[in-house]
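Build out the structure end to end from the sequences listed, making use of the hints.
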Amino acid sequence: MIAVESLLNGNRLALARTLTQIENNTPEGRRVLDELFLHTGQAHLVGVTGAPGTGKSSLVNQLARYYRNPPDGSKSRRVAVVAVDPSSPFTGGAILGDRVRMRDLSGDPGVFIRSMASRGSLGGLAVATSGVVQALDAAGFELVMIETVGAGQAEVDIARLAHTTLVIEAPGLGDDIQAIKAGILEIADILVINKADRPGVENTERALKSMLQLAHPVEHVFQDQVTHHQLYPEQQPTESADVGDERLWEIPLTRTVATTGEGVGKLGVFIDQHRAYLKSGGGWSRREKYRLQSELDSLLQATLVSRWRVSLPKEKYVSTLEQVVRRQVSPWQAVKYLLDGSEA
Amino acid sequence: MDEPKLRVLIAKPGLDGHDRGAKVVARALRDAGMEVIYTGLRQTPEMIAEAALQEDVDVIGLSILSGAHMALVPRIFELLSANQQEHVKVFIGGIVPDEDVDELLALGVSGVYGPGTLTTDIIRDIRQTFAGERTR
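Protein chains in written order, with my numbering: chain R, 14 to 357; chain E, 13 to 148.
Just so you know, the hints here were simulated from the structure itself, not pulled from any lab data.
One should not assume that every hint holds.
[Stated by the list, open to error] Derived contacts from chain E toward chain R, CB cut-off under 8 angstroms, selection only:
#, residue
1, ASP43
2, ASP68
3, ILE107
[Said to hold, decoys possible] When the alpha-carbon atoms are kept at most 20 angstroms apart in a straight line, the in silico SDA-like pairs for lysine to any residue are as follows:
#, chain 1, residue 1, chain 2, residue 2
4, E, LYS35, R, PRO99
5, E, LYS101, E, ILE134
6, E, LYS17, R, GLY110
7, E, LYS17, R, GLY133
8, R, LYS88, R, ASP285
9, R, LYS292, R, ARG90
10, E, LYS17, R, LEU26
11, E, LYS17, R, ASP285
12, E, LYS17, R, VAL140
13, E, LYS17, R, PRO40
14, E, LYS35, R, ARG43
C-beta atoms are modelled at their ideal positions from N, C-alpha and C, and glycine is treated no differently.
Below, the structure written as structure tokens:
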């Protein structure tokens with residue numbers, strides 16, 4: 014049994030074991046999360062996403078160093094990192110390699126790094142990532158950086174979890190058409206061109222800049238809500254009115270070289286500015302609300318499905334599936350039969 | 013509740029720069045359905061123990077080709093026990109002279125694997141170590 018007190022008092026072993034319980038979705042993990050939840054809501058959650066190989070881990074390493082020793086002499090912050098890498102869809106195994114780039118952080122008691130496998134989840138995070146982040150928040154880490162799986166165009170879950178989302182690009186990854194597509198670029202609160210010492214950086218910058226100019230400013234405020242309403246189309250976005258004449262956040266586009274640390278200080282300032290922006294307007298509480306709502310909804314869905322599964326005879330499911338495979342009934346007819354019991 | 017996965021830390025302590033073996037083993041364990049935290053070259057015992065704690069691993073696999081195993085391994089056990097992580101099983105791969113193997117096993121090492129080892133043997137041994145014992 015994990016002592017919640019010792020986790021709250023900064024015991025790293027208790028924290029590490031709690032994270033395992035949360036990841037494995039055990040009754041013990043859920044019990045601890047229930048208790049910890051009251052202590053959450055303090056940390057600034059910063060998401061870091063982008064294509065594989067753009068330098069997310071190296072940048073997280075540099076940002077953590079920056080926040081541990083701010084060059085302007087401000088107070089150093091305790092930093093936790095949650096780094097997600099993909100699980101094999103065939104074996105369920107995973108190589109979690111993000112720590113390789115974070116060796117500078119070793120030996121610092123104010124830093125805690127946890128690697129997670131995505132375990133079949135497709136949105137760039139694992140199902141348990143949000144619980145893991147809550148535990149780190151409760152344990153007193155002021156900044157929690159969440160690094161997603163190397164993301165393509167649709168892994169946008171991070172925008173629902175994080176207060177501030179960084180999208181990392183690198184020179185040579187795509188033209189201006191890629192830049193105006195929907196998806197991952199759209200969720201950025203801050204756009205970062207890493208590897209800015211590479212050739213082609215001007216082209217990348219130009220494409221991203223014109224993308225930012227083409228974008229409709231209102232959608233930027235509600236990027237997380239937009240994804241939310243795509244998932245729950247029955248709820249119309251009616252809350253745009255809340256924003257009133259609130260100042261809009263202008264998405265900064267900034268260059269970094271994570272291997273040398275160049276530009277990281279400037280990026281750190283943008284991250285803090287975004288936090289201040291959210292706090293000064295209603296953005297912080299709106300994001301919290303959407304995040305908790307989407308978490309509640311997905312837990313409800315998962316629980317409903319698993320409860321219903323218990324009551325479903327396995328043979329009935331297997332035989333219905335077999336009928337679908339033989340093209341005798343359509344998937345929708347099968348759903349109707351399984352849920353309502355009536356013959357489709 | 014989800015099926016718990018075996019979590020394995022693969023680390024290369026010391027100064028030799030050859031990590032192909034470590035990568036081959038990491039990949040094999042991945043293909044056996046384990047979650048492998050790969051930490052890369054030139055890890056100190058302190059870095060390894062810290063990573064093992066934060067990641068709450070069940071197994072540490074050390075790749076040592078430098079001959080420094082009799083210095084590195086006792087230190088790692090010392091740190092693991094200081095962190096209350098005595099339950100973590102330690103396996104070693106690399107170049108270890110026969111006369112050192114017994115001493116390492118006496119220290120608490122669960123297995124020592126030299127050149128030519130089949131990855132299937134390593135997987136079998138890790139699984140056997142945890143057979144009947146549910147991972148936490």
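Discussion item. Hints numbered earlier in the text: which of these fail when held up against the supplied structure?
Written reply: 3, 11, 14
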